[in-house]
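Asks: Sequence:
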Amino acid sequence: MPIEVAFALLREGRVVEAEELMAREVKAVTKKHGRGSTAWAAAQCDLGSLLLNCDRMGRAIECFRDAASVAPGQDYEAARDQLSYRMNLGMVLRMAGRLDEAETELRRGAEDRLAFYGREHAGYAFGLEPLAELLLQRGNLREARPVIDETVANFWRNGHERVATALALRAEIVRAEGAEGSLFGDLAQLPDHVVEQVCASVLNRAGHGDQTIYQAVLADLVAVLEARLGPDHQATLNALSQLANTGRERGD
Numbered sequence: 000m001p002i003e004v005a006f007a008l009l010r011e012g013r014v015v016e017a018e019e020l021m022a023r024e025v026k027a028v029t030k031k032h033g034r035g036s037t038a039w040a041a042a043q044c045d046l047g048s049l050l051l052n053c054d055r056m057g058r059a060i061e062c063f064r065d066a067a068s069v070a071p072g073q074d075y076e077a078a079r080d081q082l083s084y085r086m087n088l089g090m091v092l093r094m095a096g097r098l099d100e101a102e103t104e105l106r107r108g109a110e111d112r113l114a115f116y117g118r119e120h121a122g123y124a125f126g127l128e129p130l131a132e133l134l135l136q137r138g139n140l141r142e143a144r145p146v147i148d149e150t151v152a153n154f155w156r157n158g159h160e161r162v163a164t165a166l167a168l169r170a171e172i173v174r175a176e177g178a179e180g181s182l183f184g185d186l187a188q189l190p191d192h193v194v195e196q197v198c199a200s201v202l203n204r205a206g207h208g209d210q211t212i213y214q215a216v217l218a219d220l221v222a223v224l225e226a227r228l229g230p231d232h233q234a235t236l237n238a239l240s241q242l243a244n245t246g247r248e249r250g251d
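Each residue of the sequence shown is one higher than the one before, starting from 0 at the first, in numbering that gives the first Met the number 0.
Heads up, some of the hints might be wrong.
Pairwise CB distance ranges, derived in the manner of DEER restraints [what the hints assert, rightly or not]:
| hint | residue 1 | residue 2 | range |
| --- | --- | --- | --- |
| 1 | Lys31 | Glu3 | 15 to 23 Å |
| 2 | Ala226 | Gly57 | 42 to 50 Å |
| 3 | Gln73 | Gly177 | 43 to 51 Å |
| 4 | Arg156 | Glu176 | 20 to 28 Å |
| 5 | Glu160 | Gln233 | 32 to 40 Å |
| 6 | Val4 | Arg156 | 33 to 41 Å |
Worth flagging that the hints you see were computed from the coordinates, not collected in a lab.
Note that CB positions come from ideal geometry on N, CA and C, so glycine has one too.
Put together the whole structure using the sequences plus the hints.
Replies: Structure, rendered in structure tokens:
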């Protein structure tokens with residue numbers, strides 16, 4: 000597929016060639032299927048993904064917006080793809096600091112996913128999680144908490160591995176609220192490999208948001224991991240290392 004070739008070129012540092020390849024692909028798809036077709040929307044999304052990885056965020060936003068603007072009609076796959084395009088748009092707008100626009104798109108995306116999948120389906124939770132992230136970033140904890148609670152409950156109920164990232168995000172939201180007590184009490188009910196995924200998800204959040212809150216989350220996680228997996232387990236050691244690094248960065 001052209002997008003796979005383009006990313007291979009990008010990994011080799013051939014940025015211009017990668018962009019030119021995808022530009023030709025969009026042109027070819029437009030000629031064959033027409034602007035505003037579902038194939039055109041998919042090509043715009045692919046181009047947006049490439050541009051995002053080329054640090055062309057403004058142009059990537061335009062591509063994702065174009066993709067999300069295409070009405071999918073009665074085609075199930077196209078309708079599902081359109082949900083992804085809108086979520087991508089909202090997430091990239093958040094990354095760009097355009098928070099009002101991001102919130103509008105992510106709220107609409109969550110509503111569209113609810114209508115498409117229903118409240119019990121994991122596909123709905125995929126739209127809730129980035130909305131909760133945005134609400135945390137905006138300091139809207141009153142709304143962020145019920146959104147992330149529903150996200151965790153949905154993924155948990157569906158046995159979906161994405162519960163790990165949702166639990167990591169919920170820990171930050173709960174700590175930001177000033178709540179006392181363990182942030183990871185639910186981990187006692189999860190198998191070890193999912194506990195390890197939660198640890199990895201927390202570590203991947205380094206550098207995001209309030210670092211005082213993040214350090215408190217890490218400290219709580221370390222205590223849980225030491226009790227659950229043991230002090231010599233690799234996940235515990237990784238969390239301890241990150242906690243030490245965070246402390247040094249903050250001058251502790």
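Asks: Looking at the structure, which of the earlier hints fail to hold?
Replies: 5
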